[in-house]
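Produce the complete structure using the sequences and hints provided.
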Amino acid sequence: MDPIAALLILVCVIVGGLLASLGVHMIPVGGAPAAMGTATGIATGTVQLMFGAALTGLFTASTVATFFETPSPLALVLVALSGAVGAMLMLSFTMLFANMLYVFGAGVVPVSGRVEVDPITKEPQTPYKTPQTDGHGVPNVSYISGWIGAFLGGFGGALMYFVLKNYAFPASLFAELGAADAEMVSAAAAGIAAAGIFVANAILSAYNIGGTIEGFHDPKFKRLPKALISCAVVSALCGLCIIIATWGLSGGGGV
Amino acid sequence: MTVPTAPVEEEEAKPKKGWPPTETGLGIIAVILGIIMTILPFLPSFVKAIGLTFVLVWGADSVRKTSRYGLGTGVPSIGVLAVGYGVIGAIAGMGIANVGGDFTIGGVEVLNVGVLGGVALAALIGYISGIFSNSEKFISMKIPGLERGMTELGVAGTLAFLLESSMVAGTLKLSAVLEDVFFSGAIAFMFILSALAMFHPFNACLGPDEDRGRTLLVSFEISGLICIILGIVSIALRGSQSLGLADAVGLILYGIVVWVVFYAKFVRRAFEGAYEVVGTGLIKTVK
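Those sequence lines, one after another, are chains A and B.
Position one of the first sequence corresponds to residue 22 (this note's numbering), numbered consecutively onward.
Position one of the second sequence corresponds to residue 698 (this note's numbering), numbered consecutively onward.
Hints may be right or wrong, so weigh each one.
Cβ pair distances, simulated, as ranges [to be verified]:
| # | chain 1 | residue 1 | chain 2 | residue 2 | range |
| --- | --- | --- | --- | --- | --- |
| 1 | A | P24 | B | G798 | 18 to 28 angstroms |
| 2 | A | T154 | B | L950 | 17 to 27 angstroms |
| 3 | B | I889 | A | P148 | 20 to 30 angstroms |
To be clear about the criterion: a stretch of chain A counts as covered by chain B if any three or more of its residues have a C-beta under 8 angstroms from a C-beta of chain B, and this derived list gives those stretches [to be verified]:
| # | stretch |
| --- | --- |
| 4 | 108 to 121 |
| 5 | 204 to 212 |
| 6 | 216 to 224 |
| 7 | 241 to 253 |
Partial chain A-side listing against chain B, Cβ under 7 angstroms, derived [claimed, not checked]:
| # | residue |
| --- | --- |
| 8 | F80 |
| 9 | A227 |
| 10 | G269 |
It is worth saying that the hints were derived from the structure and are not from the lab.
Using N, Cα and C, we set each Cβ at its ideal position, and we do this for glycine too.
The structure is reproduced here in structure tokens:
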């Protein structure tokens, strides 16, 4: 196979993995304590949130990708941005409705437990926090952090999808199925492979933050470089697997 | 008034014979069965399903032994990690088999050892991510045996995907699998159901009175459900190389038998472990 295509796959899978890892560190995940309203964040695990956001991003990205016949830098940017917007929308709705449940259902104020003053709006946090808890709901700073995280994660996932669809599993490899079916097979293979690499990176990053984080203002955010190194290595190996699969699919031969 | 008690031993000292086998024993059985069923793609689906069942139970056992110490993100994360590595490893393995290690006689694929390359790659990724997760310099989760657990999960995920793909498509040729399994969307079922079979048993049964033999019965039960669904999928798809209607019906029957038998076993074990079983009056109480 073409060595430039192989290099492109490897680089984009690593970049996508790093963006996924960065995204996980910025979304407000509360886990089980948040389900009882005693910690800041959305009341579910990192995997569920990030996988949900990335899959929504893949849906929007794959829809936009059908408008482009041939890969071009403009197509790459537009597809990746549409993935980012899809992920942002999904996470925004989740955070909004989580907040509505906390405020109108549980009767608690969205407040951060890690900082005394909101770093963005400068609103005081500590006076509104229930004693013995780690905050409640999704306060402004976490909401904005979650937006940025979903944007980065969705961008990374869609970037991987675009490169895998056009260079790792291009429709020309399945030409015997007919043009329309070949496009669909190519999209399905790229989507599942991108989702597999994305969850692997998202979960390694989730282990790094120990399951819960409030956003970029959380002290745990300083652990980010450790996750980035681990994710870069694991993504590189996953990219290598994809390159091997493409090499085999195109019938082997010299690189 | 509480009396301080001595810390309870994590594992019972003397391993009993019969069910459940030791962790290593179960791993060896599952790997041998899984590899034999994977490299012989011409076998009927319900025979491959036996391999699939053992591979998934082994995966559930690996999830159990790593999640016992608390992952921080909930048990499901490590099951999803296993299928994430599994799907990458399976694609790479089928790609390798496309180049070499795939022997076809008279249009029937008789031996496919190339896919084992993908299993080895998934094991490597799992081992390296285990090292990174446990290392003090990196994620430092400090879970004993995490490297081994993640390696096993990578292998179990890959073998599960390969077996499921060959059950639905009837072959392990990457182009046929991409067409029958990926294009049809069956991969989405496989993705989440394989993860479910690995993480759900421990996620549902964990607690102070968790019992390894009882937990693993849930995994058998879910693998039966997966076989029923895959049988229906293969009837609906009628893939280009699939082994025919009788094969799919056999798979569904195997799934139903496994599901019913292990569900009954699990309920009986749960009753045995209970202090007392009392009926609510709504359902007839089973003694």
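Going down the list of hints, with the structure as the test:
1. For P24(A) and G798(B), the hinted distance range of 18 to 28 angstroms is satisfied, since their beta carbons lie about 24 angstroms from each other.
2. T154(A) and L950(B) have their C-beta atoms about 53 angstroms apart, which leaves the hinted 17 to 27 angstroms range violated.
3. Our hint of 20 to 30 angstroms for I889(B) and P148(A) is violated, since their Cβ atoms are close to 44 angstroms apart.
4. Interface restraint, the stretch 108 to 121 of chain A with chain B: violated (0 residues with C-beta to C-beta distance below 8 angstroms; minimum three).
5. Counting residues of the stretch 204 to 212 of chain A whose beta carbon lies closer than 8 angstroms to any beta carbon of chain B gives 4, which reaches the threshold of three, so the coverage claim holds.
6. With a cut-off of 8 angstroms between beta carbons, the stretch 216 to 224 of chain A has 7 residues touching chain B; three or more are needed, and the interface restraint holds.
7. Judged by the Cβ-Cβ criterion of 8 angstroms, the stretch 241 to 253 of chain A is covered by chain B as claimed, because 4 of its residues qualify and three suffice.
8. Contact between F80(A) and chain B, as hinted, is not supported at the beta carbon level, the nearest pair being about 12 angstroms apart and thus beyond 7 angstroms.
9. With 7 angstroms as the threshold, the beta carbon of A227(A) comes within range of chain B, its nearest partner Cβ sitting at about 5 angstroms, so the hint holds.
10. Against a cut-off of 7 angstroms between C-beta atoms, the interface hint on G269(A) holds, since the closest Cβ of chain B lies about 3 angstroms away.
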